[in-house]
Amino acid sequence: MKKVRKISFTTAASVIVVSGTLIVASMAQAKPPRSETQIAQERAALMTAVAKGDDLWHSAKLGNNGLACANCHPDGSASNVHTWPKFQTNLGKVGTLREMINWCIAVPMQGRILEYDSEEMIAMEAYATYTHRGVAIAPAKDEQHGAVPVKSGPGYPRH
Amino acid sequence: MKKFSRRQFLGMTTKAGAATMFAGIFAPSASSMLGLGGVAEAATKKIKPFNFAVLTDAHLYDIADHKFDHILEKAVADVNSIKPRPDFVLYAGDLGQSGKKAELVKGKKILDKLKMPYKIIPGEHDYYLDMGKAWRKLFGDEHWSFNHNGVHFIGMNSILVPDFWTLKKLTPKERMHMMEELECHNCGAWGVGEKQLNWLARDVKRVSPDTPVVIMTHSPLWDYYPRWNFQTYDAPEIREILRKFDKVISIHGHVHQVVYNEINNMRSCGLLSTSWPWPYPPVELEYPHIKQRRADPGDFEDGLGGHDIAVNADFDAIVHWREFSDLLPDNIKKGLKV
Ligand SMILES: [Fe+2]
Ligand SMILES: [Fe+2]
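Quick mapping for you: the protein sequence lines, in order, are chains A and B.
Add 21 to the 1-based position in the first sequence for our numbering, that's all there is to it.
Add 35 to the 1-based position in the second sequence for our numbering, that's all there is to it.
Here chain A stands alone, though its shape is the one from the complex (with noise of 0.2 angstroms):
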């Protein structure tokens, strides 16, 4: 907490000793906008990740009986992303995704479960998370939980 302070101190202290006066005006300079092509590599990290999610979504490795997420759940359905954290029965209590992630690689998949902020586990979250973008938020009661419906293609932009 002090030393972030004390950061905070001296940047601004140099802001000063740079353009006297017109203390706004430079700092405003000191941090320009995210270029375009900041913004473009951001989004193509996020698309990697994505893309990266579907792969293990569709991939038998994280299991043990040759099963993978996307023989259940094609298109990520049923996985129903966008109303966690909520109380889930299998898990007994308020879950997150990620718990719930987990329990499925070790009890449909007899799997080893993976680290909650693995590069894998923030993948298969991305992956199921984009694709249920925009989607109203109605859990079903007892009745089996439906699919988003994908135009085309996987659902996003891939290369």
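Derived from the structure by calculation, the hints contain no laboratory data.
Listed below are the simulated SDA-like cross-link pairs for lysine to any residue, each with C-alpha atoms no more than 20 angstroms apart in a straight line:
#1 K208(B) to D76(A)
#2 K102(B) to A81(A)
#3 K83(B) to P119(B)
Which chain A residues face chain B? A few, computed with CB under 8 angstroms, are given here:
#4 N92
#5 D96
#6 S98
#7 A99
#8 C125
#9 A168
#10 V169
#11 V171
#12 P175
Even glycine gets a Cβ: it sits at the ideal position worked out from N, Cα and C.
Go by the hints and put chain B with the ligands onto chain A.
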């Protein structure tokens, strides 16, 4: 159509002991299966009531002692316990998962424990490693028909896609792997193709319109959700060829769920798998009350099962989805009259 000798045919789908019984039941119309023409028995109008069982979508892996082996075994035992005993069993495809011969051999071994003869068609999971070679060697022709107690039964291969692999230079394994994905976006829509359409037209030409017809395909004969190949692209042509009949009952695998639809004279029933249940696709159903409830992923038998279909003298068929767990809505617990 490939012609089989009678002996080949009898040997194909039945274990030795059942062969005689099979011959006994189907003998009058065996020629129909052999494509010799001039076969179609006129409808007796009065059907001799009977029941038959249906199993599908076992998705067996080439892994020893796999949970799906046990579920198929349980379904076979369940069918053997049905009273009155079904006259025969139909199997609607996806016996294996990755098209490997070992999967199909394992599946045949389990199906051979059925106490009655069975007829089978291929699903995409049985097929795209070697384009059905191993499957045909084990089970024979991909399409067939026979008459039983006054009902005309038809089975067809509905999972034929145009070649998407040659240009992409895919290996058979890569091709199979793509087809294994339900939402495969490189594979395209599938159907029965022109050859089988011609065969079907010939097959039913001499069958009189008051003959009850049951047709089994792997995929639905209506546009349910094409993205997951819950469709057959030439289903409109199939329905047209069968339009002359008073009533056609279509049963199909692939959807791994209870689903029902009607188009003109055709009533379609989606079947339970013995592997995993699929979520309902995001489409509005005409018969939304004919659905199963949510499956518990912690119970490996939830949402799975077999079927018993009873046919009465008026060709009212009662379809019983025999779910291992009780996930059926009340209105179809005692069967659905189609
Ligand atoms: Fe299947
Ligand atoms: Fe299938």
